[in-house]
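Asker: Residue-level listing of the chains:
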Amino acid sequence: MGQRTPLYQQHLIAGAKIVDFGGWDMPIQYQSLIEEHHAVRQHAGVFDVSHMTVVDIGGAQAKDWLRYLLANDVDKLTEPGRALYSAMLNDNGGVVDDLIVYTMSEGYRLVVNCGTREKDLRWMHTKAEGFDVSIVERPELAILAVHGPESISRVCALLSPERAAAVESLGNFRALESEDWFIARTGYTGERGLELIVPNADAPALWDALLESGVKPIGLGARDTLRLEAGMNLYGHDMDEQVSPLAANMAQTISWEPSDRQFVGRAAVEQHKIDQSAGKLPILTGLVLEERGVLREGLRVVCEVDGQEREGVITSGSFSPTLKHSIALARIPAGSSACRVDIRGKLTPVRIVKPNFVRFGKKVFE
Amino acid sequence: MSSFPEDLKYAPSHEWVRIEADGSVVMGISDHAQELLGDIVFVELPTEGAQVTAKAEMSVVESVKAASDIYAPVSGTIVEVNQALLDSPETVNTSPYGDGWFCRIKPSDAAELDALLDADAYAKICE
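In order, the protein sequences belong to chains U and Z. Under my numbering, the first residue of the first sequence is numbered 1, with each subsequent residue one higher. Under my numbering, the first residue of the second sequence is numbered 1, with each subsequent residue one higher.
Treat the hints with care, as some may be off.
[What the hints assert, rightly or not] Listed below are several chain U residues computed to face chain Z (Cβ distance under 8 Å; list not exhaustive):
| hint | residue |
| --- | --- |
| 1 | Val-294 |
| 2 | Phe-319 |
| 3 | Leu-323 |
Just so you know, these hints were derived from the structure itself, not from any lab. All C-beta atoms, glycine included, are put in the ideal place defined by N, C-alpha and C.
With the rest of the complex left out, here is chain U:
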């Protein structure tokens, strides 16, 4: 038996198929992955993501430390209730994890991946040496992500009028603290939505109320197809400690200015930038297969660069329920002009597109 979130019984009641996910017993799907996927794109769905790790950062040097720990710059977060996506790099400029950091009325809140929990905490403590910071994990909090065009109105209908008004006026990547609830306009689907970080004890009743109001329960299977359509990276697949953020479509999340901010991995990624200018760093791109067949993680990609044959690899691939054909993220040599994917021994031509396939229910690439 793995670890269980406070919503485990709710998953069983909803008919979930439970799988092991990073040591947690989590719902992979309820009835149909594809129907769950469409429910989020067209209406609203709720995910239990309580397995993810919430870490609160406090202390006099919380800000200074996060400006050192993270490749993005929390100095951009000018007031409480703001969110930032960032990589946490190692000294070689590889990605230890990707995370969201929020500013709180006091200190900061990080949400990191479940599979990387232990090494992340170890890394944070190592890098906290000499700083006046507190690093406090919050296992007593559950996270419900509610996403889809109807998600915000469905959630607000369940809240007190004051709380609902505050949530309705939240902009994207904004968050609010409301007593012991934390509600953020962030997510992993490419749809409007909220992430509600609430005490474990409040989670089952919130889940039940959402389902009663017509919000569908969504498993981790559809969470993966939704994030892939949105072109969002999955740690351990699209990037890891061996991969530069510049080779993982994360250049926008690195704050180079001010140039004297010394963040962990800075010297290494500055070298990666030079390599990139010389065309020596691979890119993470989108691939589209409009014919029959499904692009899968690990499949070999044969690319053409200046008339030469070179190789890349699919880092995430699936059937796209919205587009009704296969899409993938792949790491391929810079300057590749044509790509074919080795599907069971047959080199199948694919199109190279920007790694962003679906936003707000609609196809976004050319």
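Chain U is already provided as a structure; the job is to place chain Z on it using the hints.
Answerer: Here is chain Z on its own, set in the frame of chain U:
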């Protein structure tokens, strides 16, 4: 729970066959198999007239999760394929023993049919 109709025979690789009055067999994949695969998005079918060999790869099913080879339950000639699956592969999920059938085979060796499992024996290996 998966269903295992009594009037069918099964291969351990999760295909079912129904023996027709004319001696041909209709085949598909079991309820248990479609449950394991999850939402099916493409079905690649053999061509009519093709020869297939028992226990050899005959077609491929792709679900959102994975690609899976389908093996011929018996040797013989493909005499009919279910073209409707090309446009509606999800029929394999909703009706694995009915409209989700794959193809009809004219067996070349009737003894191979005897080697297939009955519903109880197949249900046991799915436990």
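Asker: Now tell me, hint by hint, if it's right for this structure.
Answerer: Outcome of the hint check:
no. : hint    : in the structure
1   : Val-294 : 5 Å, holds
2   : Phe-319 : 4 Å, holds
3   : Leu-323 : 11 Å, violated
Checked against the numbered hints given earlier, this structure breaks only hint 3.
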